[in-house]
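Novice: Which chain is which? The protein sequence lines are A and B, in order. For the first sequence, counting from 1, position 177 maps to 176 in this note's numbering; every step adds exactly one. For the second sequence, counting from 1, position 170 maps to 177 in this note's numbering; every step adds exactly one.
The hints are simulated quantities; they were obtained by calculation from the structure and are not laboratory data. All of these numbers come straight from a predicted model, not from anything done at the bench. A couple of the hints might just be wrong.
No farther apart than 30 angstroms at their CA atoms in a straight line, the calculated lysine-lysine pairs in the DSSO-like style are these [said to hold, decoys possible]:
#, chain 1, residue 1, chain 2, residue 2
1, A, LYS306, B, LYS54
2, B, LYS245, A, LYS180
3, B, LYS365, A, LYS301
4, B, LYS154, B, LYS98
5, B, LYS365, B, LYS353
6, B, LYS353, A, LYS180
7, A, LYS89, B, LYS353
8, B, LYS364, A, LYS89
9, B, LYS245, B, LYS27
10, B, LYS359, A, LYS89
11, B, LYS98, A, LYS306
12, B, LYS245, A, LYS312
13, B, LYS308, B, LYS98
14, B, LYS27, A, LYS89
15, A, LYS120, B, LYS54
16, B, LYS245, A, LYS306
17, B, LYS364, B, LYS19
18, B, LYS154, B, LYS54
19, B, LYS359, B, LYS27
20, B, LYS245, A, LYS89
21, A, LYS301, B, LYS154
22, B, LYS308, A, LYS180
Taking CB as the label site, the calculated pair distances span [to be verified]:
#, chain 1, residue 1, chain 2, residue 2, range
23, B, LYS365, A, ARG308, 51 to 57 angstroms
24, A, GLY118, B, VAL47, 19 to 25 angstroms
25, A, THR267, B, SER198, 56 to 62 angstroms
Output of the computed footprint for chain A on chain B, the stretches with three or more beta carbons under 8 angstroms from beta carbons of chain A [said to hold, decoys possible]:
#, stretch
26, 176-187
27, 328-338
Backbone N, C-alpha and C define an ideal beta-carbon position, used for all residues, glycine too.
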Amino acid sequence: MIEFLFSVITSDHYWFIVLRSTAPILLVTLGAVISEQAGISNMALEGSMLWAALVGVIVSAATGNVWIGLAAGLAASVLTAWALWLFALKFEANAVLAGVALNLVAHGGTVFVLFALTGDKGISSSLPSKTLPFITIPFVKDIPWLGGVISGQNIVVYIALIAVVVMHFILKKLTIGRRIKAVGENIEAARSAGINPDRVKLFALTAAGILAGLAGAFLSMGYTSNFTSGISAGRGYVANAAQVVAGGTAVGSIFASLMFGLFDAMATYLQNVGLPPELIQALPYLATIIGFIVVTVIRDRKEARRKKRLLMKDAD
Amino acid sequence: MNSKIGPVQAVKLFFTDKDKLEPALVTLLAAVFSVLFGVVLIFLVSKNPFQSTVNFLLGPLLRTYNLYYMMIAMVPITFAGLALCIIYQSKHLSLIIDSSFYMGAVVATAVGIYFPLPAIVHPIVAMLLSGLVGALISLLPAILKIKWRANELVSSLMFNYVFYFLGSAVILYFLRDRNQAIMSSLPFRSSFALPRLIPNTQLHAGFIIAAVFVVLVSIFIYKTKWGYEIRMIGANQKFATYAGISVPTVILYSHFVSGFIGGVGGAVEMSGLYRAFIWQMDPSYAWDGVIVAMLARKNPKFVPVSALFLAYLRVGADFMSRRGDVAFEFITMLQGFIILILASDKIANSIKANRLKKAALAKTGGVA
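All chains should be modelled from the sequences, with the hints used to inform the complete structure.
Specialist: Here it is as structure tokens:
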């Protein structure tokens with residue numbers, strides 16, 4: 000068993016799959032990060048992914064152009080995020096409940112639309128949908144081991160890595176990033192500083208919609224080549240846990256989503272050695288819970304220490 | 008209710024007390040709008056929209072067997088709604104009830120297959136064991152919340168995946184009937200079945216058990232010290248702490264009781280409706296529970312009414328989809344739609360806000 004695990008972990012193919020499994024989680028985790036930084040819990044990420052996955056497939060099949068499909072998928076995902084903004088901010092709904100409700104609409108709605116178009120509730124295989132391109136990187140592909148990991152991935156995997164850099168830049172360097180943080184930390188203070196919190200939240204949710212849309216479109220047009228009902232498999236919820244693990248940063252998101260990706264990829268291997276697949280499928284979620292707990296404990300300890308210091312200062 | 012007030016006066020009082028009437032009106036409107044939304048969806052996709060609409064709206068009422076189906080469908084929805092009412096009263100939103108229900112059904116399956124017990128006793132033992140397992144599972148997100156302030160909704164959603172995979176592994180590896188082509192557990196012993204209320208129908212004693220639970224949970228929430236404390240931390244956690252209530256303890260036992268109800272619900276569903284465990288997917292009653300609890304405004308007394316409404320929608324959708332070209336899943340969209348309306352304070356309070364505004368305007372003589 001140990002030997003088997005060792006041979007898996009050292010193979011380039013395993014890390015290739017890790018990267019592929021991590022990409023959608025990474026994208027949607029970045030979406031959760033920017034929402035949460037702006038002070039709004041984005042439970043609707045799951046619904047965003049589902050709509051993007053379905054609409055991408057339908058439109059790419061109808062137009063025969065994968066990029067138009069992707070754009071339509073992103074639009075559907077952003078619309079879901081805007082719906083969350085509308086209900087949570089304009090109609091004063093509890094954001095978490097509104098998000099959960101939008102996910103129900105997406106879960107039912109995607110199957111409803113799929114059935115109305117194809118007569119099938121489970122899979123879109125009757126639609127001639129396109130897949131996003133896989134990219135072989137010249138020179139890199141010839142590097143032993145590393146080439147097998149990095150080269151030949153779907154374009155969305157590379158976009159995910161770029162998105163980390165962009166998100167880091169937005170949150171740390173740009174004015175809008177500072178505004179997002181200001182709104183997330185103290186909305187009243189931000190307002191009195193002349194920031195329009197609603198507009199900042201709309202920006203954050205739009206970004207989250209694009210990110211979740213990329214993740215969703217990848218699932219049905221790259222990771223697999225069909226839409227299947229419930230294709231997001233709770234990744235939108237995982238992202239909300241991973242966002243905590245990431246500590247609200249773009250770079251942290253890599254580690255948080257890698258944890259899911261490592262176990263997700265391992266699951267595909269372990270299925271071949273006769274372990275019950277159900278238990279292995281539970282592993283990525285279990286790993287996320289454990290990571291979630293560990294990080295919350297650390298965060299709480301830090302907070303307690305900080306409070307203690309403040310109290311001591313007061314006593315002086 | 009005060010014993011001096013008769014039922015007629017109580018009704019009269021209800022209609023004159025606008026603070027009570029308006030929320031009820033909003034809830035009713037949400038229900039009506041969601042049904043209308045459903046009809047619009049039918050007209051969008053169906054080739055025979057009139058027939059489909061009639062099937063959806065009247066199908067559940069015009070056929071006797073559909074009336075029984077509605078009553079049967081109410082049972083798990085009621086259990087889920089009651090469990091969510093308790094959690095929701097404390098202003099927490101954990102969906103771990105999904106795991107409690109599913110694992111309750113799995114535990115009941117094991118009991119139903121292997122325990123040699125006499126009739127009546129057999130399902131009751133299953134309910135108690137399933138309830139206990141459901142309660143313990145329900146404690147997990149509560150403990151995470153208390154010890155490390157981990158958001159209970161996020162952790163419960165993660166746990167739901169873990170327990171779903173765990174439960175189906177238990178069925179597949181320990182309880183599966185390998186002679187069946189489809190995934191099915193070994194058959195239950197005949198002593199495991201709940202008695203039927205009406206011969207030649209599937210209406211089982213679980214309906215009565217659910218009714219008993221409605222009464223018990225109402226008493227628990229509104230007549231006991233524990234229920235009072237749960238409502239207290241729901242109303243104002245800080246104030247409850249100042250009043251000497253231990254918030255962690257309340258969170259723990261409210262989750263425990265809620266999970267117990269979920270587990271019992273799983274066992275009742277197994278012993279009432281099935282001869283073997285044949286769920287290929289998680290039925291996800293937690294979402295139904297959220298809607299039922301919201302429609303009932305967290306009050307267990309109204310859970311049967313909202314469960315009936317949801318059962319009506321589901322049976323109608325099922326009836327329609329079997330006879331037409333509209334997918335059953337459109338019901339899930341309606342459910343999301345209902346939550347969106349009820350969760351939106353601005354929509355939910357619009358009638359009251361209007362009244363207050365008018366009153367204020369009247370007072371100032373229309374000069375605002």
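Novice: All the hints need checking, so say for each whether the structure fits it.
Specialist: Hints, verified against the model:
1. Distance restraint check for LYS306(A) and LYS54(B): the Cα-Cα separation of roughly 65 angstroms exceeds the 30 angstroms cut-off, and the hinted pair is therefore not satisfied.
2. The hinted pair formed by LYS245(B) and LYS180(A) meets the criterion: a straight-line CA distance of about 27 angstroms does not exceed 30 angstroms.
3. Restraint check: the Cα-Cα separation between LYS365(B) and LYS301(A) comes to about 51 angstroms, which exceeds 30 angstroms; the hinted pair is violated.
4. Of the supplied pair hints, the one linking LYS154(B) and LYS98(B) holds, its CA atoms being roughly 18 angstroms apart against a limit of 30 angstroms.
5. For the hint pairing LYS365(B) with LYS353(B), the CA-to-CA distance comes to about 17 angstroms; that is within 30 angstroms, so the pair holds.
6. With a CA separation close to 27 angstroms, the supplied pair LYS353(B) and LYS180(A) stays within the 30 angstroms bound.
7. With a C-alpha separation of about 8 angstroms, the suggested pair LYS89(A) and LYS353(B) falls inside the 30 angstroms cut-off, and the hint holds.
8. As the CA atoms of LYS364(B) and LYS89(A) are separated by approximately 19 angstroms, the hinted pair is consistent with the 30 angstroms bound.
9. The hinted pair formed by LYS245(B) and LYS27(B) meets the criterion: a straight-line CA distance of about 27 angstroms does not exceed 30 angstroms.
10. A distance of roughly 17 angstroms separates the Cα atoms of LYS359(B) and LYS89(A); the hinted pair therefore holds under the 30 angstroms criterion.
11. Distance check on the hinted pair: LYS98(B) and LYS306(A) sit about 27 angstroms apart at the alpha-carbon level, within 30 angstroms; holds.
12. Of the supplied pair hints, the one linking LYS245(B) and LYS312(A) holds, its CA atoms being roughly 26 angstroms apart against a limit of 30 angstroms.
13. As the CA atoms of LYS308(B) and LYS98(B) are separated by approximately 18 angstroms, the hinted pair is consistent with the 30 angstroms bound.
14. Annotation: proposed proximity of LYS27(B) to LYS89(A) holds, straight-line Cα distance about 25 angstroms (limit 30 angstroms).
15. A hinted pair counts as satisfied when its Cα atoms are at most 30 angstroms apart, and LYS120(A) with LYS54(B) qualifies at roughly 18 angstroms.
16. Restraint check: the Cα-Cα separation between LYS245(B) and LYS306(A) comes to about 19 angstroms, which is no more than 30 angstroms; the hinted pair holds.
17. Restraint check: the Cα-Cα separation between LYS364(B) and LYS19(B) comes to about 25 angstroms, which is no more than 30 angstroms; the hinted pair holds.
18. With a C-alpha separation of about 56 angstroms, the suggested pair LYS154(B) and LYS54(B) falls outside the 30 angstroms cut-off, and the hint is violated.
19. Restraint check for LYS359(B) and LYS27(B): satisfied, since their Cα atoms lie roughly 10 angstroms apart, inside the 30 angstroms limit.
20. Under the criterion of a C-alpha separation no larger than 30 angstroms, the hint pairing LYS245(B) with LYS89(A) is consistent with the structure, at around 28 angstroms.
21. Distance hint between LYS301(A) and LYS154(B) is fulfilled; the C-alpha atoms sit about 15 angstroms from each other, no more than 30 angstroms.
22. Our distance criterion of 30 angstroms between C-alpha atoms is broken by LYS308(B) and LYS180(A), whose separation comes to about 44 angstroms.
23. At about 54 angstroms, the CB distance of LYS365(B) to ARG308(A) agrees with the hint of 51 to 57 angstroms.
24. The hinted window of 19 to 25 angstroms between GLY118(A) and VAL47(B) holds, with their beta carbons roughly 21 angstroms apart.
25. Range check, THR267(A) to SER198(B): about 43 angstroms between beta-carbon atoms, so the 56 to 62 angstroms window is missed.
26. Residue count for the stretch 176-187 of chain B with a Cβ under 8 angstroms from a Cβ of chain A: 3. That meets the three needed, and the coverage hint holds.
27. With a cut-off of 8 angstroms between beta carbons, the stretch 328-338 of chain B has 6 residues touching chain A; three or more are needed, and the interface restraint holds.
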